[in-house]
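Here's the letter readout for the chains.
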Amino acid sequence: MTASRHITITASALLVVSMTASLLMLRHLDRIRSGATLQEVLYISSPKVLKRLSLGYDGLLADIYWTRAVQYFGSKHFEGAREYALLGPLLEITTTLDPHLTVAYEFGANFLAPKPPNGAGQPQQAIALANFGIQNNPDDWKLYNELGFIYYMDLKDYPHAADAFTRGSKVPNAHPWLKIMAALMAEHGGDLRTAQMMWTMTYQTSHDKNVRANAVTHLRALQVDEDVTTLENLVSQYKQRTGHLPESFGEMERAGWLSSTPVDPLGHTYKLTPDGHVEVRVPDDLPFIEKGTPPGYVPPSPKFLPSD
Amino acid sequence: MSGRIAHIASNTFREAVRDRVLYNLIAFALLMSGAAILVGQISIDIERLVVINLGLTAVSLFGVVIAIFIGIGLVSKEIEKRTLYTVLSRPVRRWEFIVGKFFGLAGTLMVNTFFMALGVFAALFYVSRHFQRADAWVLVALYFIILEFLIITALALLFSSFSSPLLSAVFAFSLFVIGSFAEDLRGFAAMTHGLTRWLATGAAYLVPNFSALNVISSVAHEQPVAGQLILANTAYALLYATMALCGAVLIFERRNLK
Chain A
1242 MTASRHITIT ASALLVVSMT ASLLMLRHLD RIRSGATLQE VLYISSPKVL
1292 KRLSLGYDGL LADIYWTRAV QYFGSKHFEG AREYALLGPL LEITTTLDPH
1342 LTVAYEFGAN FLAPKPPNGA GQPQQAIALA NFGIQNNPDD WKLYNELGFI
1392 YYMDLKDYPH AADAFTRGSK VPNAHPWLKI MAALMAEHGG DLRTAQMMWT
1442 MTYQTSHDKN VRANAVTHLR ALQVDEDVTT LENLVSQYKQ RTGHLPESFG
1492 EMERAGWLSS TPVDPLGHTY KLTPDGHVEV RVPDDLPFIE KGTPPGYVPP
1542 SPKFLPSD
Chain B
1025 MSGRIAHIAS NTFREAVRDR VLYNLIAFAL LMSGAAILVG QISIDIERLV
1075 VINLGLTAVS LFGVVIAIFI GIGLVSKEIE KRTLYTVLSR PVRRWEFIVG
1125 KFFGLAGTLM VNTFFMALGV FAALFYVSRH FQRADAWVLV ALYFIILEFL
1175 IITALALLFS SFSSPLLSAV FAFSLFVIGS FAEDLRGFAA MTHGLTRWLA
1225 TGAAYLVPNF SALNVISSVA HEQPVAGQLI LANTAYALLY ATMALCGAVL
1275 IFERRNLK
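Respectively, the protein sequence lines represent chains A and B.
When you line the first sequence up against the numbering used here, it's residues 1242 to 1549, in that order.
When you line the second sequence up against the numbering used here, it's residues 1025 to 1282, in that order.
In short, the hints are calculated from the structure, not lab data.
Heads up, a few of these hints could be off.
To be verified - Footprint (simulated), chain A over chain B, 3 or more residues, beta carbon under 8 angstroms:
#, region
1, 1067 to 1075
2, 1089 to 1102
3, 1114 to 1121
4, 1229 to 1238
What the hints assert, rightly or not - Far from chain A, by Cβ distances over 10 angstroms, these chain B residues were calculated:
#, residue
5, R1038
6, D1043
7, S1057
8, V1063
9, L1142
10, Q1156
11, V1164
12, L1191
13, V1194
14, F1195
15, V1201
16, A1224
17, A1244
18, H1245
19, A1250
20, Y1260
Quick caveat, the model's predicted, so the values are computed rather than measured.
Glycine included, each C-beta is placed from N, C-alpha and C at the ideal position.
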């Protein structure tokens, strides 16, 4: 074997060994420094400084920060976190770097506004974000819709919601539903029907599969709330007529009070408890329901089932 | 005269190709295909934006790096290898040498940009499945990037005509960074008074204004670019590049090559 060949073989072997060893060592380092690489730190927190540092390539930096915000929210949401300390600053940086990145306002406000574990529980920051979006994109009706949505859903502030929908309805090419929503807010802010219309509009106006799945999940929850209220009223009336609670829905069916055994939006039959309450069979599959859960039930982090 | 300039330009182009400058296209292709596939999975609703923002940013930065690092060596390398003496001993004037070098590198950058533009549009088609009218503005952004290259190439040649390669790179890159802040500089100048104001304003207008040439973010949002801006930017870039090139010619004409 020539000297040159000997060196080639030795160096190649050494290369493979050192590469493998360094990978293993890195994995070991990751284990002993768990979480160290994912600290909740923004090394540059000033959006203005970042904009300067981008040397004019702020569009790309905004895309990177938006992806970072999505990943941050997604990972925290998956963990069922109740604190989202970096979400607001990440969205502020994203929208300062690119004030026309409307997707960041629309989704960002949706991340910020809902109460944990569904969101960060920061509706005021969500409103500030939506208003900043409107300021920079006054002709985008979806941002007014988003603002009205937050006032309605998270703050139950119907006058402000009506105002946001009204302003949005005046934007050129605005969705005609905005006028209807404005009127509904002004007259029947807290109605179940209003909520159903709101989520139906969200479903129909979005092309994003996650937003549509979220809307369907809420619509299912509203359907359950309505079904449970109706069924419990019926059970109460049955008791008044017969002097006793029904043992099952089958009993009510045989007595002609129901045409069939009632089922929830996922096709499971509702459960009638001995004390006359109505419960869903699998509450974990129906996030956001406010009625029909067993006593002491703690909902898990919501999972959005397919919309179709 | 034009034949000699064209000859020097084509040699400069061939030399750049021999130096494997176009290898950056491989890195660019990997970057674009990676981004087009990956972004849809890790972000929300910005696939098209990322392809345009990342694509045009990469075209611009790759080009700036090539313009600076090739540009600074255009003159010094010829002196170092003593090939300059062979060239100048023929009926070639010094200014023809500088102008030829400029067109050679500008041509290299244009060819490079053409192939990168094909990559950007291919990635755009991959994520959108169709082209739309607004995509035509991407061509305007690419045109502005080429104008930017002309200025940087001329500046790199200017510095290369009197300084060492290392210092030329530092000067050219510094001017690129300062030029990106040109509008801020004018804002700062407006805040001062008296003589300082005049000096600061003069300095702010002397550095190249790259921010006017950067429309990447707006074309990514499908915003049109005004025809007046296209004309004004074209005139500005050509004038600035001519100015820097004249400076390079003047210095090189008087340079003692012994």
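- Message: Need the list of violated hint numbers for this structure, in ascending order.
- Response: Result: hints 2, 3, 8, 15, 17, 18 break, sorted rising.
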